[in-house]
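Protein chains in written order, with our numbering: chain A, 154 to 570; chain B, 202 to 480.
No lab work stands behind these hints: they were computed from the structure.
All values derive from a computational prediction rather than experimental measurement.
Watch out, some of these pointers could steer you wrong.
[To be verified] Reference listing, derived: stretches of chain B covered by chain A, where coverage requires no fewer than 3 residues with Cβ under 8 Å from a Cβ of chain A:
#1 288-301
#2 318-325
#3 359-369
By construction, the Cβ of each residue, glycine as well, lies at the ideal position given by its N, Cα and C atoms.
If you want the building blocks of each chain, they are given just below.
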Amino acid sequence: MNQTVWKKRYSFYLSLLVLLVALGLLFWLEVNKSNYGMAVSVIQKSLVFSVVAVSMNLLNGFTGMFSLGQAGFMAIGAYTTAILTIPLSRVDGVYYMKGVAPWLKGVKTTLSVLPEPLLIVFALLIGGMIAGIFAFFIGIPVLRLKSDYLAIATLGFSEIVRAVISSPQLDRVTNGSYGLKNIPGFGVTQAGGVLPVGAGSLLIPFFFALTTIAFIVLVINSSYGRAFKAIREDEVAAEAMGINLLKHKQLAFVISSVITAMAGGMLAMYMRSIEARAFSVTLTYDILLIVVIGGLGSVSGSVLGAFVVTFAKDWFLRFFDSPLVIGGFQVPFLRMGFRMVVFSILLMIVVLFYRRGLMGSSEFSWKGIFRWIRRKKEGVETTKGEMIDYPDPPPAKPAPLIPDPPGAPQEGGRDER
Amino acid sequence: MKDKPVLSTQDLTMQFGGVVALNNLTMRIDPGEIVALIGPNGAGKTTAFNAITGVYPPTNGFVELEGKIIQQGFPKGKMKRLYAGENAGKYTKSLSLTPDRITKKGVARTFQNIRLFKNLTVFENVLIAHHTNMKAGVFQAAFGMNRKEEEDMRKRSWELLEMVDLSDVGLEKADNLPYGKQRHLEIARALATKPRLLLLDEPAAGMNPQETQEMGDFIRDIRERFSLTILIIEHHMNLVMDISDRIYVLDFGRQIAEGTPAEIQKNPEVIAAYLGVEQ
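Excised from the complex, chain A in its bound form (with noise of 0.2 Å):
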């Protein structure tokens, strides 16, 4: 008894020392910002990313419902955003096509009484409502159809919104195919502030990404989170149950758009221009793989896929791009894009060797990796896709009379049952 509580708080204890470096070590990596520019991009597209995978996760992993159509949630908010953070002294600059509707510039006007960091608190979720209140009315039709007509419809809508914001009639408005730049990045830009140039551009993705992860992770453990975990494993049983299947689902779907669509406005402030190209299908198959390789059901899977791939993507497959000569020997393949060659090849590997994932479903936990660590040590073998905790660590397993033929499912490991 004692052992286990003086275990929690070690835990406790760890996750704030492992969050206070990560704060330090972020907020220094900000400030040496000109030094450190690739990795300050790449994590705070991971962070962004993460945000996305995690209430993706919400719909495909934890409700059962396979839905595309995070692309266009995230072209909602990240034109919210970027329409109403725009710079007041700038908007004509951007528009200089069709030049910007009058009611618009009306409200920008307006807006602009407010200081910048609370504007962009104000349009995110501004952008997180409107494609609330999208995905509320699109999900009455369509929450009920299942599996690949979802898919289906899903992806139709999020066309469809990639669509009518670039058409010509909103040219006004969304600047139609010429795109929306000057959108405001994080953190501080101007010297002689307060603050250090590059204060923020890693912190303030960072506590969003850790708000809006907190908040899905506690509506999965709330009571509604158990119903959605029971809509994906038995429509039929939940509802008799008296888990009503339409709310339920419109409830995950409209919490996972708000939170998509919030982190398209991060999005937008990271890549500091958009057109609606970028939130096409491929968009949502990129998330759709972080998913994937994080593992279907576990957030922290999500979070983790997030950093993995990104990192792999943007970062440390690149020397693959560049070509390469040894002694006068030039390696062949090394060329542009074959980075995303061996990047497939990786994904593949992945995939056949965790086949549900990384983190399969389960969590990360420090007592997890505790037990993990302290059975390796003894070499007994280890379950990492348990999630129920034993009293005592569970009795090796008698060796099987017949052995395994290679590369058959391991017990308890993680394979579908």
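For chain A, the structure is supplied; the task is to place chain B on it using the hints.
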């Protein structure tokens, strides 16, 4: 006179395409009774369950729960032309509640082929069934503002598991339980929705005589403890004759007999349906 029936059906008919799966089922179940629904395979027993619990809207007829209609239908559209049952034109209203609303009104059920939330723990399975009676909204629940309610739900779930002897495997995955325990868990989960009427679809399927006997005692036990009314589909005749107060017999969707176990055992039509008759 007896009290108002807990459940009654009137001319309840289900037709799928040209097949009349359930034809004019008229039955009543009084408070505290254990009523069995028996019949050869394909007689329409599970269809009756599905029509009562709202899985399908009935083709014709109605279902009443404690005097209030919960399911009612009449042949519409293409069915108007295809309808092969009786009493066409007798009903003109249609009303169909979704299964979750019927569960909320106090009807819980189990399934013939066990439908547990397999990848969740035994405890979570029961806990989820408490969700339907929860009052807190999603924000309240997420931010822990319903702590008392949540703790209460957890406590009652453990109590239920204690009662069905599953508390020692409460943190095990439901899928890992042996078959008999899964059946018990399904009943415990149904009880967690606080039903007044419990529909059991073949609770003793695949059990040996000893286990069947235990299941019978268990069903009687929960009827007392939760003051339930029970409608049960079962093929183990020993169990049916042992526990039920009254029996309805279906054959090819049609109700062929009704009565106490002793009456049913002597009924020539029932014997014919089960054993066949020489022409």
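### Task
Test coverage of the segment 359-369 of chain B by chain A using CB-CB distances below 8 Å; three residues minimum.
Since three or more residues must qualify, the claim that chain A covers the segment 359-369 of chain B is violated, with 0 doing so at under 8 Å.
### Task
Examine the segment 318-325 of chain B for residues whose CB is less than 8 Å from any CB of chain A, and state whether their number is three or more.
Holds: 6 residues of the segment 318-325 of chain B have a Cβ under 8 Å from chain A.
### Task
Report holds or violated for chain A covering the segment 288-301 of chain B, Cβ cut-off 8 Å, minimum 3 residues.
holds (count 3)
Violated hint: 3 only; the structure is consistent with all others.
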